[in-house]
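S.K.: Next come the chains, spelled out residue by residue.
Protein chains: 2
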Amino acid sequence: MSEEHGVSVERKPFLLGPVFKGQGWDTSPFNIYPVKGRYMWRDVERLCDKYGIPFKKPSQFPRNGVLASRIAIVAEQEGWCAEFSRLIYRLNFVEDKDISSEELIASALDSLGQHPEGVISRVSTGEDRARLRSQTEEAIGKGIFGAPTFVIGEEIFWGQDRLEDALLWYKRHST
Amino acid sequence: MSEEHGVSVERKPFLLGPVFKGQGWDTSPFNIYPVKGRYMWRDVERLCDKYGIPFKKPSQFPRNGVLASRIAIVAEQEGWCAEFSRLIYRLNFVEDKDISSEELIASALDSLGQHPEGVISRVSTGEDRARLRSQTEEAIGKGIFGAPTFVIGEEIFWGQDRLEDALLWYKRHST
Numbered sequence: 001m002s003e004e005h006g007v008s009v010e011r012k013p014f015l016l017g018p019v020f021k022g023q024g025w026d027t028s029p030f031n032i033y034p035v036k037g038r039y040m041w042r043d044v045e046r047l048c049d050k051y052g053i054p055f056k057k058p059s060q061f062p063r064n065g066v067l068a069s070r071i072a073i074v075a076e077q078e079g080w081c082a083e084f085s086r087l088i089y090r091l092n093f094v095e096d097k098d099i100s101s102e103e104l105i106a107s108a109l110d111s112l113g114q115h116p117e118g119v120i121s122r123v124s125t126g127e128d129r130a131r132l133r134s135q136t137e138e139a140i141g142k143g144i145f146g147a148p149t150f151v152i153g154e155e156i157f158w159g160q161d162r163l164e165d166a167l168l169w170y171k172r173h174s175t
Numbered sequence: 001m002s003e004e005h006g007v008s009v010e011r012k013p014f015l016l017g018p019v020f021k022g023q024g025w026d027t028s029p030f031n032i033y034p035v036k037g038r039y040m041w042r043d044v045e046r047l048c049d050k051y052g053i054p055f056k057k058p059s060q061f062p063r064n065g066v067l068a069s070r071i072a073i074v075a076e077q078e079g080w081c082a083e084f085s086r087l088i089y090r091l092n093f094v095e096d097k098d099i100s101s102e103e104l105i106a107s108a109l110d111s112l113g114q115h116p117e118g119v120i121s122r123v124s125t126g127e128d129r130a131r132l133r134s135q136t137e138e139a140i141g142k143g144i145f146g147a148p149t150f151v152i153g154e155e156i157f158w159g160q161d162r163l164e165d166a167l168l169w170y171k172r173h174s175t
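Protein sequence lines, in the order shown, are assigned to chains E and P. All letters in the first sequence, in the order written, are residues 1 to 175 by my numbering. All letters in the second sequence, in the order written, are residues 1 to 175 by my numbering.
Treat the hints loosely; a few may be bogus.
Same chains, same names: a pair is fine if it fits in one copy or spans any two.
In silico SDA-like pairs for lysine to any residue, Cα to Cα no more than 20 angstroms straight-line [as the list claims (entries may be wrong)]: (1) 171 <-> 45; (2) 36 <-> 16; (3) 12 <-> 124; (4) 36 <-> 161; (5) 50 <-> 93; (6) 50 <-> 161; (7) 50 <-> 159; (8) 12 <-> 83; (9) 21 <-> 51; (10) 171 <-> 151; (11) 50 <-> 170; (12) 171 <-> 155; (13) 97 <-> 11; (14) 50 <-> 173; (15) 50 <-> 174; (16) 142 <-> 155; (17) 171 <-> 48; (18) 36 <-> 146; (19) 171 <-> 28.
In case anyone wonders, no lab produced these hints; they're calculated from the structure. The structure displayed is predicted, hence computed values, not measured ones.
Turn these sequences into a full structure, and let the hints guide you.
M.R.: Written as structure tokens, this is what we have:
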């Protein structure tokens with residue numbers, strides 16, 4: 001969608017765990033507030049139906065996304081973050097696969113033409129791990145409390161349902 | 001907006017206090033989670049700007065809306081709930097007035113051509129108070145956790161940004 005609007009997007013993966021911890025939550029608010037959580041899942045289901053996007057509520061939620069997030073950091077630098085993220089989301093939210101599994105991640109990397117061992121061993125070293133931590137701190141510093149969040153200068157827009165507003169804001173303030 | 005779509009709306013005032021209490025909150029989540037709260041106010045401000053609706057963040061939030069809600073119950077039965085609600089929202093969210101004040105409510109009723117003492121003494125008796133309580137319990141029973149919520153059969157749609165989805169759902173499932 002951003003491409004249609006002539007907007008270039010820089011993806012900045014971060015971890016939700018520390019963000020939630022800062023709010024006093026030790027898991028997803030979907031789990032902490034079950035009444036609201038039930039609604040949120042139904043809302044996601046209806047939105048996916050409306051947009052023609054396949055969706056199946058994961059049997060386990062949330063799943064540990066640390067490895068996937070570390071790889072996303074590398075992927076962003078190398079230009080394959082969008083397709084990697086879409087694949088991981090599909091595995092979690094359509095195929096109900098355990099995306100915390102190194103085996104699954106390896107097979108996902110393979111299907112994208114990446115070298116699983118090379119990528120996984122790279123993200124096990126310090127630099128990319130530190131980068132994920134610092135991007136998470138940066139997110140918290142910007143007042144981000146959930147994902148996805150779109151950042152335009154000092155403004156943040158939270159949720160897929162604010163993407164249009166974010167694009168509109170960008171257009172109004174970038175010319 | 002609902003009128004443009006040929007949809008008739010039944011307004012059912014309820015109290016957010018007991019709804020929030022059921023989630024373990026003793027005030028608005030805007031206050032309990034200040035990071036998210038700051039964002040939500042900014043979001044409201046931007047949305048009002050987008051829709052050309054005047055808005056000023058109240059200097060006190062939330063304000064006690066029990067009296068206004070009891071009157072809204074009467075107003076709904078008598079057909080002036082929409083204009084009464086709009087006026088109370090304007091007083092709170094544009095003029096930053098204390099909507100818990102009986103004096104302010106009386107002057108609001110007067111400006112709508114209602115008889116302030118008559119209405120206020122009516123809602124001080126048992127029946128309408130009980131009705132507000134039972135509608136609040138009904139809301140909780142439906143899985144409602146915030147306002148506004150649009151109810152269509154078994155489906156609930158939360159937030160002004162789901163009004164279009166609610167109307168779409170109604171059209172798809174009512175014919």
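S.K.: Could you tell me which of the hints above the structure violates, numbers in ascending order?
M.R.: Checked against the structure, the hints that fail are numbers 9, 13, 19, while the rest are satisfied.
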